[in-house]
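J.: Quick one: dock chain against chain with the hints and give me the complex.
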Amino acid sequence: MNSFTFTQAPAVAAAVQDNLAHEDAAYIGGGTNLLDLMKENVARPTHLIGLKKTGLAAIESLPDGGLRLGALATNADTAWHPDVEKRYPLLSQAVLAGASPQLRNMATDGGNLMQRTRCYYFYDLATPCNKREPGSGCSAIGGYNRIHAILGTSESCIATHPSDMCVALAALAATVRVSGPHGERTIAFGDFHRLPGDAPERDNTLEPGELITGLDLPAKGFEKNYSYLKLRDRTSYAFALVSVAAALELDGDTIKDARLALGGVAHKPWRDPAAEALLIGQPATADTFRRAAAQVLEGAQGYGHNTFKIELARRAIVRALKQATEMTQRTDDNAFLNSNP
Amino acid sequence: MTLQTDYIGKPTNRVDGPAKVLGTAKYAAEFNVPNLLYGYVVSSPITKGNITKIDAAPVLALPGVHRVFSHENVPSLAWFDRSYKDDVAPGGSPFRPLHSAEIKFSQQPVALVVADTFELARYAASILHIEYEEEAHETELAKHLDEAYQPGKGKTGYQPPKSRGNFGRGWAQGVAHMEGQYSHHAQHHNPMEMFASTVEWLGDKKLNVYDKTQGAFNSQQYIMKVFGLSKEQARVVSKYTGGGFGSGLRPQYQLFMAVLAALELERSVRVSLTRQQMFSFGHRPETLQHVALAAAADGSLTGINHVAVAETSQFEDFTENVVGWSGTLYDCKNVQLDYRLAKLDVFTPLDMRAPGAATGSIGLEIAMDEMAYAAGLDPLEFRIRNYSDFDQAQNLPYSSKNLRACYREGAAKFGWERRDPRPGSMRDGNLLVGWGMGGGIWDAQKQPAQAQASLDADGHLTVSSGSNDIGTGTYTIMTQIAAESLGLPLEAVTFVLGDTELPEAPVQGGSWTAASIGTAVQEACAALGEELLKQAQKMDHAAFKGVKIDDVQFANGQMRLRTDLTQAVVLRDLVQASGQPKIEAKNAKLPGLIDMVKPPKYSMHAHNAVFAEVKVDPDLGTVHVTRVVNAVAAGRIVNPKTARSQVLGSVVWGISMALMEESVMDHRFGRFMNHNYAEYHIPVNADIHDIDVIFVHEEDAEVNPLGIKGLGEVGLLGVAAAVCNAIYHATGKRVRDLPVTIDKLL
Ligand SMILES: Cc1cc2nc3c(=O)[nH]c(=O)nc-3n(C[C@H](O)[C@H](O)[C@H](O)COP(=O)(O)OP(=O)(O)OC[C@H]3O[C@@H](n4cnc5c(N)ncnc54)[C@H](O)[C@@H]3O)c2cc1C
Ligand code: SF4
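If you read the protein sequences in the order shown, they are chains A and B. Under the working numbering, think of the first position of the first sequence as 1, with each following residue one higher. Under the working numbering, think of the first position of the second sequence as 1, with each following residue one higher.
The set of hints was computed from the structure by calculation and includes no laboratory data. C-beta atoms are modelled at their ideal positions from N, C-alpha and C, and glycine is treated no differently. Among the hints, erroneous ones may be present.
With beta-carbon atoms standing in for the labels, derived distance ranges [to be verified]:
{"hint": "1", "chain 1": "A", "residue 1": "14", "chain 2": "B", "residue 2": "733", "range": "52 to 62 Å"}
{"hint": "2", "chain 1": "B", "residue 1": "581", "chain 2": "A", "residue 2": "4", "range": "53 to 63 Å"}
{"hint": "3", "chain 1": "B", "residue 1": "52", "chain 2": "A", "residue 2": "133", "range": "17 to 27 Å"}
{"hint": "4", "chain 1": "A", "residue 1": "100", "chain 2": "B", "residue 2": "243", "range": "15 to 25 Å"}
{"hint": "5", "chain 1": "A", "residue 1": "298", "chain 2": "B", "residue 2": "746", "range": "17 to 27 Å"}
{"hint": "6", "chain 1": "A", "residue 1": "133", "chain 2": "B", "residue 2": "73", "range": "27 to 37 Å"}
{"hint": "7", "chain 1": "B", "residue 1": "746", "chain 2": "A", "residue 2": "182", "range": "40 to 50 Å"}
Extracted from the complex, chain B is given alone in its bound form (with noise of 0.2 Å):
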């Protein structure tokens, strides 16, 4: 299928910066709806064990305090735990706030303070006087190794991953070999925006809530079930959301709180999380790697062995795909993977941006590195040599595959053939350059999704579809995929999204966004042109009498006939002429079960390749990672602007992840302690030079209409790992347990 390229590929600026700058936008804390009560969390002190008692008169003797809800006079809710699982609930039994005196993990938030101000309520909640009786925890990964287990088929589709042949067998049929372990520690996203739900009143248990999520649709069947509302009792907004990355995918406990203090006093309520609770639910888990890789003389993998130990909580189990890539990204005929986890006293780990991958394309790609090494190979040329044409673990040929293209256009831009492949071989002056590289998959997914068109009588279309922008540009794509298709300037277009009154949309996530919204936006589009057509028909436009709907484009506003192009009618007058303020669309039916569950006959995957530049000093152990190029091959690129955005973010994303990145807790407390942005460190613009974004030719027909794969997360992979592989380059030093700080260096 050929798309016209009006506007799909071009770069375009974001349609929603203006309200962005002007502070038009606003934010789920933003809704400074009347009557307004506010309520402050109260975070536990403790990680495990019990409350045994909570004095709330004296907070609430204090003029303006509304009341203290905690597990004591919460009323009751549902029972099940189904009725507290999201879209995105891993197996297992979720956390309920407020249900029982039992203290899980650290920072457990036990009650909830409303009062007439928010510094009242923040008052309020740091006198009230609660006390715990305390109990041993266990938060420390390597001491729970031997527990660890292999995690159940999830209803959420994890699989475990999938072995094959004899990795024993190609371990000895090796000549060169590689082991290691290689370990982050817990991340946390902390997006900008704190967590925070206002939820307006209207009466009769009616509420409209503005939630900062990923996925308003998941808040609101998460508070319809937990609170028995109807879906025109609970509607959820969230039109800006001040970062993602993944922790908007699961409802937060603020909205929980907020909807209850609602529910109870009858009243308009607002709860905002801090910076310090912001460590207090999901984040990117532990984990602990081991990869063991065997090559043959020619330097073609014999065997791959991955294994991973992550931790989840003791209530659920938090699963991401951290080896199975390790079985698709090169070929091998004997692949052994094993992925575990270990349960501790922590809140359930999340989805973090590329979950899983992130994780696993450290192990693999810095494995790789090494393996490189020891068979005496150029790293790029080992893994060329490696080339997987065809998904063995699926055993499925790829939808597409332009990695080749990623790994030449990459390495010609980096000026990776001038590279000395003895470490400390390369020098800028006092300094040490080291040059690395890494790179990922990742799946390009799409999932059912609705969207509404509509062309009003001035000739304006207005698109809508309940999803999200976390900051990815959704509105700005979905504006131009939506103008392309139906021929209208951007400025006669306008995207809806982030509310549940709007056609149904998945969560935000997975990259799959731009794929799925895109198709189904598309789709609405094509199903309005057809009602266009039908409304030219029904005015005898004798030009349009008795032609299909591939008969016709539509071009400046105009729909025309394919044959003779002089042959037009305005848009707008057909709306004029139907005598409806409007003429409206939808796209088909969400599929059924029978169409989801239709074997899959193509791999399809995303890919890139990674070139990093480091000079460390080696005095002082300092790393500066001067240039990078991200290659990436991700079908079509429907914003380039946009879409390099996404990437350049991933690249300062995996620096961050390889230098500086960790939620450091204190074990004898099993909390986090470096619970700021002072402390948690992320890269500032000083640590931030060239970065390219180079997006190679990838053509796709099988994943969807459009060709899109998807780059929220791919550009993320094998970042860390080639910097790590840069500062081995440098200084003949492999830190395989990140973030790479000074001390690692001395």
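Chain A extracted, bound-state conformation (with noise of 0.2 Å):
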């Protein structure tokens, strides 16, 4: 880790000239991912900017019957805020499914947009990434890469972007407020993240400076039917290998809208309009399911440790449909709790 100074920024302004005024500045949510990267030398800022006094943490209701979830809003006020638990359930499990509860109380929603991939290779200036160090090459392709993606891969990253909060916000199609040398604009969240290409240094869109303000949720929020599955290694405070946003609108047992999205498969949330296509209109069944699964599916890479992604995001993706179809939300199967055969 280098020296680096800090500032406070007092408003949202103030903080994008300050962040103009340096070469090398970040912004600085909960530092729960930023200061990892520092510690091991990933990243190298030279100036913090300090975003606790810019007045982002609120989250309130829009005029449109939507929400808007400030940046500053921390990832555990965000799960267990009342409104999010009753209209966005979604969201809600999506947050509650990562990292763990310290962690939560500290990380914000600004920060974990931009939380960066959890590839080894990438944590590890040992070895050659091009995420880290463009050009250098990628070391996950013909290496260790069972948490990488098999969705959207380029042949210089295949890496994910590792957010569970991310899937439900693609899912419910939210909008990224930002604000920057230029001005205010939002970007709709499936712009947001970029898929790797020739360019896999950079994550998003967000052009220097830059400053994700909020998060606006559209009204609709499929409060009754949806579910969050996340398959990992151990029951909580792991990453996803794969993890399954679904949200429904059923007519009786007919889809009237649909909305899937997947994390832990590709370098963005990956929401896929052609899958949710094929569930609407259709009846709510084990078929229907399938093909959208083979639909999402289609076009998979495996890279030999995570190959077994692909079958597992198929079930995974029946599964989470099912749930959300038959209202028994889970965040993972927690199912057998408490019963003996």
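T.: See the structure below:
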């Protein structure tokens, strides 16, 4: 870790100004990812800009019936906010499926979008990594890639975006609010994170100096038929091998509207409109779900250690849609508890 | 011998609990001695080759940086290998930090940057420019099986496994057979507390060393030999250890680094390792096993063949007993055992909780399950039919063995008789249910140790021994044993450990501490009792005239005549009357070599039986271990509360071995890649459900006067196998390569 200066920005505009005034500045939210990256010398900002005083921690209703999450709202406050729990339980469950209570108490919603991949090589300076050092090569290809992507990969990077929260935000079609040197703008959630292509060093479409100020959730929250299913190497405190955010609007047995997004499988939360289209208008049956799963995984590619994710994702999609239909909303497969044969 | 049981055998809270909860218990990196400098270790990014250049100038130019130590400027130290050999060193030539330009393993420490602050040292280390010339390395065990060799008898007591009978004949005699290959990968101890040493410079090469270790004397010996220090110059203190599991059995390189820097700079220095660097030294070695079993029509084993190949470093032969247990645990005439090592470009492996046995019991106990199925027998019934009542490997009777009770009581508690043996036959809703079992055997060991007991004029007893408490409960049980021995309330007893100024004790390992230090404490208290009796007799206490020590008892803070309990003297009064501030005594001198090589008369072992239930999602491959019953026969249980903790921890550990734990190496780099707590998975609370611990009754007058066998390790045995066997029972899938992760069950 190198030495750095720190200022607590009094307001959004001042934060942006401060960022432009320094060469290697970084915003800091809860610091749960950034500080680790700095300790490992993966990130070496020379100036940190604190955001706690920028007034961005509120969660408030929008006139159109939606909900605005301030970028500085913590993951914990978001998950347990009454409006989120009631109207966007998919989001609440996804957030609670991530990290640990201590981390969620610190982590901010803005930081969650911006967290970097957990690729082992990205974190280890002794190994080549295009994302960390463009042009050095991708060690995960041909290496240990158990946690890596099966969709939307490129020859230069097969990393995943590790967030759970973002998978729900993708499914719910949130909008990212941004403030930057050229004023404010909004970014549709699906356009926020990038695929690696030949520039894996860029995780998203934020421009230099831009600050996330909030997230807008549309009025439609799928509060009845939803499921966030997360599969991982232990029951808590592990990143998703595969996760599925499924949200349905049902009319009797018929699917009126559907959302389907996956985590742990791509460089961005993977929402598939074509798969959603295969669900809409169809009966909510296992066959329908399987067709949607096949659509999502068409073109999926394994790299050895992670090839199992293709089959796992297929099964997880079917299970999540089933759970959404049956309203057995679960973040994982904890159904086994407290019973003996 | 009957012991009074005011304290021994009663569940007792940890006496060091308040200090730990209140944060007054200080660990090696928490001693903030004045004028402290901080060292940060630079680790090699390559696995094999040479350092060709170190450019320290820019780092040294930073204000506040004091020195960069490397092989280029380390003063001449001890030359012979033996100086670098610690008590636990295996055969070979120990790694010497900063000794030469040669790189022998990934993350080898190559330099130490010492600065005014930790932050500065860390930053300086990150910009230290080092150039390497890389050579091809070999880290893949599977590619080196052909070169595997049988290690020779080591000075540290390694005994090659003994075969007996004729396996080929036994195999031919069998009507049912099985063969299987089993494997697990490297695992790292990963105690919560990272390795650290704070070396306080007291002038004149006199050092106080606060070290994270499982043996203060081992660390002391090491630095004395390497740096040419006297005992007085090298005091080592280690009062609290934030987990060891074997990782602290050998002095780690931060100790060398911190002492080197302190001596050279004549300043106090602290060196602590990072979590990533915790993956840079000893680990449970990757081991490949082959087991073949044959059984007769009545289910009796006619042949056992157990072969293991494990990794070791290029410079030392790390050995452990992986296959030997297979010649003891079950009754069988024809046993063929083989254990080999293959040299790789890695750091030397290191004992890790139940070393060898934890590994071997995976192979043997999964194989026993497979054999039970092949023979059409219930796995428990199969084991009972092959129960060993006599140790055929050592040709000795057992001093005691109540594994039968483990089977009986464990099975009853678990409800084993309700098991439908057919794989996939039991369900809970959508989930597959599996019941599996396993078990194991571990040495009941005892090492020579010294202790001192001292009673002051307030009637407070202080007992000391330079042992260690790695969280096992040593402080507590020694307090119990001492209080019991001299009939004092627990509050009137303090046990002191972890300091080379105290009477000498062995490293804390092998589950021998309770037996070894416990015996020393009991003896020291008995010796003090004699001193107290002498004092009473000096005082012309008529009742105690001519009385022998066996004629008195200690209770309620008094010494009393057994024949007339009203004839009593308060211990405190004896000290006061002596005119001395205290009366003290030590146990007898450490036994000489002659005593130690006396042939044993008994085979002394602890045993356990484990029953596990898993629930498996048939579509998603997720496994949950919903119930475990672990029944342990380990002699006298001094403190059922801390003992239970040991076994609970063992069960969690076994679940971890079965389902999660693996240090994953990328062989292209020869480097462990998941080197942090986020990616090196061990269970979290949500993974752990019901665990029942049973201690079956077992009396043993032969192991030691207290009848203690030790249980820091035995509880781990068979847990991973029981979980794997339960998974087979649930799913019909036999996974022989651990850990059993989701992908292996899809
Ligand atoms: C051990 C561990 C386990 C975890 N497990 C999970 C898990 O299972 N699932 C999961 O989803 N997450 C998990 N996390 C990740 C955690 O959710 C993220 O670290 C957290 O959300 C990041 O938020 P933060 O506020 O702490 O970000 P910071 O660490 O403060 O910042 C992260 C990045 O975002 C930038 N940034 C922060 N705020 C803004 C803003 N407003 N505008 C623009 N840029 C900004 C920073 O400059 C930095 O680059 C885990 C983390 C750890 C350490
Ligand atoms: S997958 Fe991406 S992050 Fe990982 S090594 Fe390759 S380039 Fe780096």
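J.: Among the hints numbered above, which are violated by the structure, and what are their numbers in rising order?
T.: none
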